[in-house]
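Visitor: As a plain string of letters, each chain reads:
Number of protein chains: 4
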Amino acid sequence: MVRGYRTDLAMECLDQKNGELKGVRMNTRTIGGVTHTRIRIEDERAADRLGRRKGEYITVECRDLPNCDARTRELLARMVAMSVRGMLPPEGEVLVVGLGNRNVTADALGTRVVERMLVTRHLQQTIAEELRGKLRGVSAIAPGVLGLTGIETAELCRGLVRHVKPAAVVAIDALAAYESQRICTTVQITDTGIQPGSGVGNHRLGLTEETLGVKVIAVGVPMVVYASTIARDAMTELIRRYGIIKQEESEQLAGQMTEGLMGDMVVTPREIDELVLNIAGLLSDGINQALQPSIDTDTLHSYLHI
Amino acid sequence: MVRGYRTDLAMECLDQKNGELKGVRMNTRTIGGVTHTRIRIEDERAADRLGRRKGEYITVECRDLPNCDARTRELLARMVAMSVRGMLPPEGEVLVVGLGNRNVTADALGTRVVERMLVTRHLQQTIAEELRGKLRGVSAIAPGVLGLTGIETAELCRGLVRHVKPAAVVAIDALAAYESQRICTTVQITDTGIQPGSGVGNHRLGLTEETLGVKVIAVGVPMVVYASTIARDAMTELIRRYGIIKQEESEQLAGQMTEGLMGDMVVTPREIDELVLNIAGLLSDGINQALQPSIDTDTLHSYLHI
Amino acid sequence: MVRGYRTDLAMECLDQKNGELKGVRMNTRTIGGVTHTRIRIEDERAADRLGRRKGEYITVECRDLPNCDARTRELLARMVAMSVRGMLPPEGEVLVVGLGNRNVTADALGTRVVERMLVTRHLQQTIAEELRGKLRGVSAIAPGVLGLTGIETAELCRGLVRHVKPAAVVAIDALAAYESQRICTTVQITDTGIQPGSGVGNHRLGLTEETLGVKVIAVGVPMVVYASTIARDAMTELIRRYGIIKQEESEQLAGQMTEGLMGDMVVTPREIDELVLNIAGLLSDGINQALQPSIDTDTLHSYLHI
Amino acid sequence: MVRGYRTDLAMECLDQKNGELKGVRMNTRTIGGVTHTRIRIEDERAADRLGRRKGEYITVECRDLPNCDARTRELLARMVAMSVRGMLPPEGEVLVVGLGNRNVTADALGTRVVERMLVTRHLQQTIAEELRGKLRGVSAIAPGVLGLTGIETAELCRGLVRHVKPAAVVAIDALAAYESQRICTTVQITDTGIQPGSGVGNHRLGLTEETLGVKVIAVGVPMVVYASTIARDAMTELIRRYGIIKQEESEQLAGQMTEGLMGDMVVTPREIDELVLNIAGLLSDGINQALQPSIDTDTLHSYLHI
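Chains as they are written, first to last, in the working numbering: chain A, 1 to 306; chain B, 1 to 306; chain C, 1 to 306; chain D, 1 to 306.
Heads up, a few of these hints could be off.
No farther apart than 25 angstroms at their CA atoms in a straight line, the calculated lysine to aspartate or glutamate pairs in the DMTMM-like style are these [stated by the list, open to error]:
1) B:165 / A:210
2) C:165 / D:152
3) B:134 / A:152
4) D:215 / C:152
5) D:246 / A:155
6) B:246 / C:15
7) A:246 / D:152
8) D:165 / C:15
9) B:165 / A:155
10) C:215 / D:56
11) D:134 / B:152
12) C:246 / C:69
13) B:165 / A:248
14) C:215 / D:152
15) D:246 / A:42
16) C:246 / B:248
17) B:22 / B:42
18) A:165 / B:74
19) A:165 / B:237
20) B:215 / A:155
21) A:134 / B:210
22) C:246 / B:152
Hints listed in this document are in silico derivations from the structure and should not be mistaken for laboratory results.
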């Protein structure tokens, strides 16, 4: 059994178990180059074995996501929208929270999405007649990381939730994956919130229904693979082929080799700066659609001056 | 009597009254090219006449501030530090709030200062032995403006204050002045908080002891003059010299001329982008010193990787 | 006669002459809220009286430009494209030069446009079969201002032109206007190049056919009005109404009042940061269309990952 | 023999040869935690075997560079200054060229250094009496990468050099290393210029005395390790320990495993954004000192408004 590989994707946890587990249901379909997978972790034992919380995990994948054509892009946004909408309560305000550090390119995804959200909570009184009743109240914040604020993101969100009283929180975060091909090609949407220790920035506390008191839908895309994962993976491949040393020894060796500076090293595409903006555009399109199903994308964009 | 000129500086309000008013005490001294003025508005009548809240207003001025030498700059930072420290409660945590919109250069001052604050609240447990007891707990946030979050800044701060429970709030904001020479040359520190309608971004609600429940010390620097002020001022000067029309007529005329688009027009130095960073450096040095008097500036800078 | 008002728009120079002048032909039409004006300065005497070089000046205006709907925006881009194309030589490479300082928001327009140009010069060999022959070779550079490079922009461009050997240069620059309503609402396209002393950043030398050796088409949008212009304008209005002092005296007075710091003060809309991006998007759409008439806008955008 | 590992550091090439080679002289000394190594490649045969050009390579190393104290930082800057000055011609103007893409964090080092250069070429006439004769003429440009300009950087520089006629070029670039501990801890200064294919952005042509016609001093710091290097390195370590497969097989296997997307993947520290600014500060301090030995650092900083 391979342990300790760092991933935030439920799908990759399942892959590491060879894709099948009692108490887990999985369902995949592919349309127009886009693969949609729904994983349900149905009992605590399965949750425990996978190291993921009980609940639903949807992944929307497209190998060519960063360079896909306009039609595929719209399809991807629509699939993200449908997935988020399916998890949202039918009514009530929504608070969108962008996690991560805006000053760290690979960790800035949440912040960039929040910058493109159609924020409407403050317009409920002044809104045009034609939109009244059709517009869900949305607020959005990118509170910044612990090292910059001195306040745990989870604590800060709890205070906000008490005050703003949304029906649900949508939290966006940059994830770490196990396989480098996942970077910028896979979107995960889950109703289990953010787990402690996940994300590029390693959140100390989770953002979940238990901690915030309302449903938390987490939307994330892998932006990095840990360098230690690459090194371990290379060794594992060698071991698999030649069977020279025992798995445990290889784990130990890999651990030694990737200590020190490597711990903070991440693997990203060279053009990560552009990719973050690209993916943030896709996610914000999808989430805006999920929150305001009665407004079409062009109108949304004109409101946002995009 | 000249009314309606937009300024956030108590000193300029007083100037417009020819500098003297019952119930107002003023006190000026100049050291090394830096002028320090303390204005106390002592009763409600004076407050009403000036259109400012009762309390203390300190201004630290240096005509050459953006280009001053290193020594003058240190003196300025120390004067800001002393002024803030004099208004702070002797003990207890402090929450620093950066107001304004990070995407609007002239309104981004508060955000830039927050980025340079020494944040310590989360370090209280893990801190080096030698610093324990010497380090005041500081948290800092730049929550973003209503149009981007859907949440009033004052509301958002109230929620945070309830949660973080600081002994005081220090709020930093970009101000509007009446005289263009004030831009980037005058720092105002006041224990009266932020007034509704003030700042470059025009806060709808104030941030004061009444709304937040703890003392609010506001630190601000004028970054703009409203274009309408420039136009009015030019006309007033003409009128003063030639006495052709009555003051009121001139007000009316100026009003007509500066309507429409002009309402949102601001006057700034061309190099405002660089000036904002420059002033943010000065204010953060001053405020960090005020909050951590036992740490010298070089050590502060090394903590902040500046 | 009103002299000395600072403007880079030929149209405003003509307005100051009450709109008519021997040797100048002007032609206006309005379609769908957009006004297209063509001014031809036909002889040196007229050029001299207007203080503009002989040649063609097209302005495309829309009072609501920054907030116009998608259709009007497309119309504006098409009009910019047609105007530029009409001045371009039918064949040969084009070098696009973004003038101004990327670190000064109001002066960064040229830089922002260059960032969105479809650059093709280096692809001529590797290009897809279907595009060969259809794609004009385009190179683009934003060389930075004298204070940052130590090299005059005009000198630097001359060196580049000799090396790259384009058939024409398209130079983009942020302009100063006389009337504040012009800011971000008027595009000027001219075949006379950039004049010395023009632009927000005040180019010391011009970029013209004489200095560069190839045709220079300049595209500009006013981003600022000088604060001194606002002050002078206010006074002039007063004088016009009440006739108190002579025009010359008013000029002198205005000069005195706006000396010193004011000289570097500019009037801009508060949301200038967002407006620069908005206008840069419009200009780059128009110029890209002019340079690559066989590629539609959606395809252009997908090449540029916008 | 291990081939094919990608590095831009002559020192690492030599390490891969076990540190000794005929025709190469190496010389190391350590002062105050900083290691200074001078490598001279003296003949073409040695150059060929190392895959580096003949000439001098100085590396200045400090394991704790990004977090070192103020004194060590000054020592590092001084060592960079001395190394650059030793390679500069004693007189004549210098053109500083920042290579790389400002929009790609890890590749933006050259651009960031250029932003902090004391540019003086344009001041030679207007300069204060006391500085005349003491100030070397310096110009600086960050021309942008081929994909954004359509012009090869080397071509562009050749055009500039012909026009500006400097006595030497100093080129700054972000490098790739073989060992991840080198990232942000090693500065390489060489009089051999920039080699084709080197740097994070993979320059197609080199910038050398042959291509530019004047001496080219290259200053670089590793900002990335290629992900494929990490994978190969892990496998090599395993092979070294267990001797299971032949080196060549391991190379082949590594090649297979790291194909595809991985080719563009780079390993960087998570906080690369901050590190780039930090290292750019160090390099610009060092290079400014080398170019203007008669001005002390504080005065330099005040000129640069840092």
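Visitor: A separate judgement is required for each hint: does it hold in the structure or not?
Guide: Hint by hint, here is what the structure shows:
1. B:165 / A:210: 23 angstroms, holds
2. C:165 / D:152: 14 angstroms, holds
3. B:134 / A:152: 22 angstroms, holds
4. D:215 / C:152: Given pair residue 215 (chain D), residue 152 (chain C) holds - Cα atoms ~23 angstroms apart, limit 25 angstroms.
5. D:246 / A:155: 55 angstroms, violated
6. B:246 / C:15: 31 angstroms, violated
7. A:246 / D:152: 51 angstroms, violated
8. D:165 / C:15: 46 angstroms, violated
9. B:165 / A:155: 12 angstroms, holds
10. C:215 / D:56: This hinted pair is violated, its Cα atoms lying about 46 angstroms apart.
11. D:134 / B:152: 56 angstroms, violated
12. C:246 / C:69: Given pair residue 246 (chain C), residue 69 (chain C) is violated - Cα atoms ~46 angstroms apart, limit 25 angstroms.
13. B:165 / A:248: 49 angstroms, violated
14. C:215 / D:152: 23 angstroms, holds
15. D:246 / A:42: Violated: residue 246 (chain D) and residue 42 (chain A) sit about 48 angstroms apart, past 25 angstroms.
16. C:246 / B:248: 23 angstroms, holds
17. B:22 / B:42: Given pair residue 22 (chain B), residue 42 (chain B) holds - Cα atoms ~9 angstroms apart, limit 25 angstroms.
18. A:165 / B:74: Between residue 165 (chain A) and residue 74 (chain B) the Cα gap is close to 46 angstroms, so the pair fails against 25 angstroms, i.e. violated.
19. A:165 / B:237: Distance ~53 angstroms between residue 165 (chain A) and residue 237 (chain B) Cα, so the pair is violated.
20. B:215 / A:155: Given that 25 angstroms is the threshold and the Cα spacing comes to 23 angstroms, the pair holds.
21. A:134 / B:210: 36 angstroms, violated
22. C:246 / B:152: 51 angstroms, violated
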